[in-house]
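Asker: Each protein sequence line maps, in turn, to chains S and U. Under UniProt numbering, the residue at position 244 of the first sequence is numbered 244, and the numbers go up by one with no gaps. Under UniProt numbering, the residue at position 169 of the second sequence is numbered 169, and the numbers go up by one with no gaps.
Wrong hints could be hidden among the right ones.
Some chain U residues flagged as far from chain S (calculated, every beta-carbon gap over 12 Å) [as the list claims (entries may be wrong)]:
id, residue
1, D61
2, V100
3, T109
4, E130
5, L169
6, I202
7, Q250
8, C288
9, H294
10, E307
11, G353
12, S365
Cut-off 25 Å, straight-line C-alpha distance, at most; resulting in silico cross-link-like pairs (BS3-like, lysine-lysine) [unchecked claim]:
id, chain 1, residue 1, chain 2, residue 2
13, S, K755, U, K391
14, U, K400, S, K981
15, S, K939, S, K103
16, U, K310, S, K755
17, U, K415, U, K391
Just so you have them, the derived chain S footprint on chain U, three or more residues with Cβ under 8 Å [what the hints assert, rightly or not]:
id, stretch
18, 179-193
19, 278-287
20, 403-417
The set of hints was computed from the structure by calculation and includes no laboratory data. By construction, the Cβ of each residue, glycine as well, lies at the ideal position given by its N, Cα and C atoms.
Chain by chain, the residues:
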Amino acid sequence: MKENKKTYWKGLEQLTNDPEFVKNADREFPEAPTVSAEGGASRRDFLKMMGFSIAAASLAACEAPVRKAIPYVNKPVDVNPSVPNYYATTYSSGGDYASIVVKTREGRPIKVEGNKLSSITQGGVNAIVEASVLSLYDKQRLTGPMINGEATDWSTLDNAVSTALNRANNIKIVTNTIISPSTESVLEDLANAVGGADIITYDPVSTFGILQASESFYGFSGLPTYRFDRANVIVSFGADFLGTWISPIEFAKHYSKGRKISTENPNMSRHFQFESNMSLTGANADYRTPIKASQSGLAILALYNLLARRGGGTPVQATTVEIPNLERAADELWAARGRSLVVSGSNDPNVQVVVNAINDLLGNTGETVDFSRPSYFRKGNDVQMNQFVSDLAAGRVGGVIFYNCNPVYDHLRGAEIAEALPNVGISVATNETLNETASLVQYVAPDHHYLESWNDFNPKAGEYSLAQPTITPLFNTRQAQDSFLVWSGSATNYYEYLQTSWRNTLFGGQTDVTDFTEFWDRTLYNGVYSVAGNGSIVELSGMGNVGQAAAEINRNYTADSTNVELVVYQKVGIGTGVHANNPWLQEMPDPVTKATWDNYLTVSQRWAADNNYRMFEGDAKMARITVNGKSFLLPVVVQPGQANGTVGIAVGYGRTKAGRVADGIGINAYELLDNSRGFTNFEVLTGVTVEMTSDSYKVARTQTHETYMRREFVIQEATLGEYRENPAAGRYFPEIYSEGEFVKPSKISLWNGHKYSQHHWGMAIDMNSCIGCGACTVACQVENNVAVVGKEEVLNRREMAWIRIDRYYSSDQSAESYKELEVASDNPEVVFQPMLCQHCNNAPCESVCPVIATSHNSEGLSQMTYNRCIGTRYCANNCPYKVRRFNWFKYHDNKDFAAVNVAQNSDLGKMVLNPDVTVRARGVMEKCSMCVQRIQAGKLAAKRENRKVIDGEIDMACAVACPTDAIVFGDMNDTNSQITKMLKIQDSISATKEVNEERAYHVLEEINVSPNIWYFTKIRNKDKNEA
Amino acid sequence: MSIKRSLLSVPLRLSNLALLFFLFMGINAYAADPSVSDSDDAITAGRSLFNANCRACHALDRRGVGPALRGVTERRDIDWAKRFILNSQALIQAGDATAVALFKEYGNTVMPAHTFLSDDDLNNLLSYIEYGDTADASAAAVGEGVEGEQATGGIPSEYLTIILGVLVLVLLLILIVLGLIISVLTKYLNKQPLDQEDKEFINQKTDIKAVFKSDAFILIVTTIVLALVVKTAIDGLYSVGVQQGYAPTQPIAYSHELHAGQYEIPCQYCHTGVEIGRSANIPSANICMNCHTHIQNVDGQEGMSPEIAKIYAAIENDQPIEWVRVHNLPDLAYFDHSQHVVVGGVACQTCHGPIEEMEVVRQHSSLTMGWCIDCHRQTEINTAGNQYYDKLVQLHSETKSSLRVKDIGGLECAKCHY
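In isolation and in its complexed conformation, chain U is listed as follows (with noise of 0.2 Å):
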């Protein structure tokens, strides 16, 4: 290390000029790395070391914190990339042109030495950022056209609202057109010779207070009033206590969206506990410091933004920050996330919603009994490779329908009260 350091320091534009001329050439010969390969093997394991490592600034095919990764391998020499991932400060201070030009790039974000991977490790790295889930760049786009997906998905809102009042109008315009018709019609017959009979229907009055008066009108009236006031009680008091859309403002201006969604940043990264226990884990202070120790403002401004100020404040003080709790089960209520993460395999969102979209987190669902049941009643057990679940599987497959959640005792009160 001491004599690349040495060789890399001799302040000589010319020679580095000289070096990263020899290295462009070189390009050709590396694209073409028997090292950087794209067997499943080596992509497995670069993924696993990607996640590990890399995940909390780098996207594949999106600029995150740091650079989209894909297509390194053709715009650097493979050689530079290994030193890049290694000790990129090394490279920096050394005064690599290509380097320094990057650190400026990305405001200055100091990326971690990564000294403890293996050159393997590093092939392995390069194989999966060069050819590895090809899908996350869809699923990227997909995170980052929002509108992209609704589209697809059928008319989107506003164009409905559109369509629906042109349709408002057009009715409208035939009603006014009809009644200019009638009205020149009756002006028309009114001044032919028509007997008492026809003059009296043609020129006959609604008399709206006799039909405010009928007994038909004030029963449905009545029927529909009450009705809806019945409709409204029974409503208001299912949703007592249910704060289905709870979004509260939180002591620091967190974003999933830009956390989760942008940065696709897993979730299990800061809440820790989701596949161990009950509790999913509100992150600790020091869990967000892992990555801002580094990152301290967004796109590269200058100086520390006020919201990352209060991370530093809180491990100073020793103080916690005191969240505000969105999802809020009754105490009577057990509810172990390990049991739906792990072995249920559901997803984040089934119960959250789109997280990764909410720039303030909001209680998706309701939260409430009925809502925790028909899940149970619909959904179908995870048992592939559970060998928990052999015996159930192996005494429901004499009955025709899939195995649900309510068909093992899911729908028990202790299973959730005790």
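Next comes chain S alone, as it looks inside the complex (with noise of 0.2 Å):
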């Protein structure tokens, strides 16, 4: 029975059966739950008050208390009480891009979505940008302007910011990529006004490198196009394209362009992935190859030499290196030239130029390497700002203007800025909150949240957007920008300069509309403008050295080093760390590690098996890194598929002034690169040590919470080959056995089914395009005023996510014993499993309920009642999905949450909630509720309008989020609906849908639960099934 199935496990304390995870597995929560979390009162004492509380509550109600209502003075006329309004605008922090649609009610921005219209980011998001909108209501950001740390007025600081500006020389204007071109010439205005000031621009995670190479081997400066949509076979050396590289929710989409399967259309691109750290990417990826960062130039340099062969190259002098799947990556490269794609996210620029040189052998320059329409996602020059660092520390500075930038933290010599800043004759930042620069300096103009301003962003050639306010400033904040204006003496403010840019460049260059009111409106409603033609062709000149890059490459790289090294990354949800003191980011699991909360290292299973460490659960020890003279101490993560000899550690972390959320976790990576080569190199590969200690640490990791007891076939996957021969393959069918013959289950149950009338709500959840990213996680949070409940509680597995991101790796299936079995491969395969309530038709939950506070309705969803819950739990305890989540506590208005739980708890972090949908309180329990309020917001439009509902009006947030469209959402009794035609559904009055679509199927279909959403088999583009 077993003997072709692979094992499914989720972390290693499964694999292994470990004691303690065996002793939790049967439990949703852990025993003896803690009631510390509220001042100590026990069961006992809560029976105590209820019953004093009865009598105080009825006497209380005998005089209701007066409540107002409160209408405005003067009502906007575009705003209407209960009525939400969309506006199109644009989030964009340092070079990181999305074109997004805000909610706003009542004048507060409440959620924001991706814009369809935008031809860049197609309509998605990432947790960062779903997550962004909480940040506008942080209390951390500062209200006002500062002189040396006390508050003062605007006209108070311009003045002085004016003066101290124009006595200065050498003054240096120092920020993150800037892609917006108003804000680009207005620090120019500035720096001309001051006497000529420097602009220095620098990116936390640089991307250098990639710059340099097409500036020596083109002969241009820039980055890209890359075209994973074009891409037939991809291959990437370390850059994790769908979770942090450059504009991951771009090519998140078009790639999963070449995931999508289907009968009529059996491709499906197939992607090498060769890398130290185990990334989203990797996790992704057909054929995954770990190597170590010390021979990962090498490895390129041999795939030019293989594909050199081949084309009739000059093969280079290359050391021997012996990378597995190298030299089938090279034959399939060979075999879709011009279809192809190779990057790299070395920021080492020779290796970028064999990168170039391999890409122009495939003939992918021009296709899937599209220099027609350079992007401008980053900036940053690694030189400029060492320089700039070196002077600043010299004292040959005499002002500095940060804007919007945090170096202190984020540049690998910020302490040297840190010592540098007081010496200064005028150190001046824009920032919203005191960061660890801002906090330095002397004048602090704090800029408007993104969410306030206005802005325009050009982060292609050709491809324009805007940025509007969505709400009107909150503080006595002002546009950076303005500010700018103001100190270059100029009297205009940014929202003319803006226009008048726009009037005389992009509206002058169009013949389509004649009046620029018109256009400009346009523009702003549509959010983004791209102009016709095929954009700024480039010239590329000339062809690079490529034998002068491998001969460096040679001198740095080694083929056997036995030194540990480190590879630092960035985590999906906290990037590069502007967005740390986020809550909603900070509870995000990591898609890979499924950690929340912390900053570790992640290492090797032979590197733990060497040093006799294991870990189960979050029990963790502390591991003394030191990295050239500095020295960490960090928790310990066991992570599979990491490459050995390497160890990880995210950046984003080790914040001292972010703000009480992010400070104190973990360490500051940044701390810990190497720029002795002239780049800021993420991989540190001499000089690193790691000691174990014995000091014990808890890692919060919800990845073994919720386990399924090794129910089989939860998840089912095939080969692309398995499913050419036969659609179905992978898919599990079973069979039960009654009255003499085996049956389907769904041919016996106890129930006489539900009869859905008018809609049935259903939602297929594609496990191919799945990228595990967790956008829909913090979309649902979002949406669903979902609490926050810190590390504490997540290591107690209260955490309350609705939709959680099920990452199973899955062992070689050829193990002979169970002992085998137990072995977790080096490399494990990767699934992504979004699970949710699935609404079943037949629900365990409903039944048990002995209040009937969860029921169905008659359009098929499972519905939770909050206010009958007296929270028995007997619903979470027969729920087989284990989606049902427990609310412990009263996480609003709560002290002991306030610090974590920012968006419940104080009337600033209040406005961020949706209106629509009730905070529950203490004792009862949730779940998915299918964006019931979505369901009937757009139900009743469509009423109003006397209308049918139109297939795609309503949507669930984490389908819309979905950077990769793998979730969609639907009426199963609409002939015409996407999701109909996806599963192929042909009898659509039943309950009990006949579905048709081979790869659709449900998990644990044994127990004939009939649930309303449907799993896409996961198809790997590989040959044989192989770990």
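Both chains come to you apart, so use the hints to assemble them.
Answerer: Right under this line is the structure:
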């Protein structure tokens, strides 16, 4: 029975049947819940109090409190209480970019969604963009300008800054990448007005290597547009393009186009990944090869030589290195010339030169590597920044303006900057919060939040977008561009400046619209504007010198290093750390490690075995890591798939002045980076030592919560070859013995079934498209007012997420003994499975509720009625999918959770709550409601307009957020809906739909709970099942 | 316009009178003017113009802020009426006697200019004023004569009390008469020679103490008392948090009876959200000022009414008016006005009661879940012309009963709780 099946496991402790794990596996929540979090009241006290409070409540009820209804004095024409407004605007932080639509209620932005009109992000968002709305209501934001730490007013600050700037010589303006043309020109104006200041651009996670390589190879300094949708074969060397690299939303959207598969189009791209840490992108690769960081340059060189031999190019001298799958990758790349793509996450210009040469050899330049529309997402120059820090340290800088950047924290020489800043003649920062850098400068002129600002963006040649305010500024802040205009002596404001610049350039460059106001309003409404035609054609001149790059690579990389190597990476949720003070992002489990609220050292299984280290659940030990003299203590997390001999640490932690959510978590990995070779190197190849200590530490990981008790067939998968032969490959068809024969489980039921006469809502989740990025989980949290519980409560398995992404590793199927099964593969395959309430037609939870607080409705939804719930938790016990979450505490208006659950604990934070969704009380159960508030609103809109519901007008928060369109929601009674077509439903009347799509399956079909959520089998583009 | 004005401003009363004379002469000729037609199209167009521009101050058959308008084409020359509608102030300033008289009569209330109306618009408007909505007249009559309506609905409650009182009085009289008869008869019998047994029977005294002490009596009384206590307790518990009849004093003594009742201002004029969303909206001060820029006191009194002054103060100080919320649904219940008013076609009064008669707004309904559910059980769905319900109507047509809210999930939890 088992021989042909893989073993799936969520964590190492499950695989090895760790006693602690087994003890907890059948319990959704751990034993003996602590109640300390609410002032030490015991259950008995609670009962005592209850008696009194009932009496008190009935007395109090005699005199209802007077509630006020306060209307506007002057109601704005377009704001109607209870009716949402949507504004197209743009999210941008450094070079990270997303065109978005913001939902506002009563003038408050409450939800961010992707703008489908954008040709770049195409309606997609990621977790950081979703969560950015909460940072608007961050208590840490400055409420007004400051001079030397004292609050002041704007005119005093302007006078002081203008005078000081005019007096100072050698002024530097430091910024992260700016993709706003008008902001750049305002900064240039300022630079000229103060007598020629230099503008220094750097990026915390820089792509300087790519910029330099294009310069030396093509004679053009810029990033190309990578077209993952056009590539049939993708080879990535450490580039986490689905999670964090350059423009992950765009890349995920494009990548998913090549991963959608159907019987009509049984083709998909093949993805090779060579990397040290297990990244989100690596987890999605068809062939993933762990390589040491010290081999990465050589691996690319080897690939170049393999291809050069095939294509008649000149192979270069290269140190031989043994890399599995490289030969195969070369073969396939060669076969898909012009339809393939090689990328590298390395910041080494020499490596990127070879990558350029490979793409040139393959004829990809102009096809999948598109220089005709260069992108401007990263412009940082490591050399310039390095020079600036040296100048600053040597006292050669007379004045410095930091435009929304935080180099004291996120530059490797931040400590030197911090030390030198007090000696600079004038220092100004425009940061929104008093962060590590802003707290050290003389003048702080806080910028608006991006949701309060006007701006324009030019993320790519020919592609523009606008940002507009979605709320009146909350505090006495001022848009940084306005500050710059004031300081440069201009009388105009930035809004006028922006309009003038658009009138002169873009409006003048088109002929469709003759009236500027109309042009402006239309662009503002759409949020984006594309210049007709093919954009600027970049002349690529000459070929770079591969030989020279190869020589450098041979010198700097080794095939057989025995050093411990550190690879610094970004987490999908935390990114560069700018948004670290956002509890939604902190509590979002990392897609791969499933750890929340923490920074840790990832090590390989072999390293753990060598050091006799085992971790189960969250119980970890600390290790001391020393990098070139700097020493830190970090918990150790064993990461299957980590290249042996390497360790990984994420940036974005170790903040000291981010705010109370982020401060004190982890260490600042930027300090560990290496710039000995002129660029910021995220791979530290020498001088790293790691020693285990005996200190214990708890890492809050959600990976082993809610297990399936080793039930099989939760994950169903096949290879592309198998799928082509049989579309139902990998499917499991359970049969139940009944009355003398084996029948499908759906044939046997205790229930009479429901009747869905109008709508039957359902969802299809394509596990082939799902990349596990977690955007849906944050979107759900925002939409449904899901509480943040904090690290302690996550350790108690009490996280509240309504949708989680289960990450499964799978081992080799070739194991012959059970003992062998327990040996985790060094490089396992990974599957992501979004798990949420399955809205079962035969819901086991509904029948056990003693007070009918959960019930089924006539549209297929399993409803949860909080005000009926008395908290018996029978439903959670009876849920086979473990998707019900219990409110162990009152998470709102509770000072014990105020530090983490900021959206429900202060007047400012509460502005982000969705007014259409109840904030749940202590002691009630909650779960995915299938965004019933959106369903109700959509139906009402249709009814008001006397029409039927149009497919697509009602969509779930998770489905809208998904950057790969892996989640499809719709009405299965509607014969024309996308979901009906996807699932190939023919009979659309009965409650139990006959689904003819071969890949679609129910998780745990054998128990016939008849869910309304279908999963599509995972298809791997592999020759055979191999781990 | 300037020519007209110069012509009219000739300060010769005589010429004005002559003009008036000619104008009155013209009435006969204009009364049959085909431009003011009684065609349905004209009336419909006129109605929407009237509702949009005039309704706030005028009614057809009843005096409001301005005069009742029906019959204006007979009372006045049509051209004059049109000029007055277009810009009454111009006429008044020109010294037109009728116009000045009207202006004075209605407390110097300025009627805004409507220069945007075309001649066709004016004709349509006059058509509506003349021939439209005769039902409006009856509705207005009902609105004015509340007692009249009650009289037609059965015996008024005061009469009922009087009748009951009289009945009780009659019964008491009968009781007294019977008592008198008994005493007379007893006296008479006592004078007759009777045997001991009969005497005892006649003179027996009722032992009240014994009755009070009897088990049956105690049982009955206890049961009744218990039943009453339990009933009161249950009623009391059910009404915890129920504020039916709640009529708090508002910061401004605003009268719905005046605005919605007498002046027939449509509810939606102020409660702008009722057709578009969940919240009906308490009107913002600028909506009040649409009318109260012109109307500053009641019934033509001089100066500004202290209540109206509060609106001006709110605007000047930029301080919103803090109304006391009368209808408080719990936060866990989602109620959407547009669903009920637009889709369901439910009248405001169904839930809010006779709001147009309320001097002070009070909570008419209990607003309990039972009350919601009862209505959802009984109410038939307004499916006419709404494609959304097509499939449901078709499926339901197999059954004999009508399609009610409960039949399409109107009793399900997640309709209101999420």
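Asker: All the hints need checking, so say for each whether the structure fits it.
Answerer: Hints, one by one, checked against the model:
1. D61: holds, 33 Å
2. V100: holds, 35 Å
3. T109: holds, 24 Å
4. E130: holds, 34 Å
5. L169: holds, 39 Å
6. I202: Given a closest Cβ separation of 58 Å, the condition holds.
7. Q250: violated, 10 Å
8. C288: violated, 10 Å
9. H294: holds, 18 Å
10. E307: Correct as stated: the minimum Cβ-Cβ distance to chain S is 17 Å, above 12 Å.
11. G353: The claim stands: U/G353 keeps its Cβ more than 12 Å from every Cβ of chain S (closest is about 18 Å).
12. S365: Per Cβ check, U/S365 is outside 12 Å of chain S; nearest 16 Å; holds.
13. S/K755 x U/K391: holds, 14 Å
14. U/K400 x S/K981: Distance of about 35 Å is beyond 25 Å: violated.
15. S/K939 x S/K103: holds, 19 Å
16. U/K310 x S/K755: violated, 57 Å
17. U/K415 x U/K391: holds, 20 Å
18. 179-193: The restraint on the stretch 179-193 of chain U is violated, since only 0 of its residues have a Cβ under 8 Å from chain S and three are required.
19. 278-287: holds (count 9)
20. 403-417: holds (count 7)
Taken one by one, the earlier hints fail for this structure at numbers 7, 8, 14, 16, 18, listed in ascending order.
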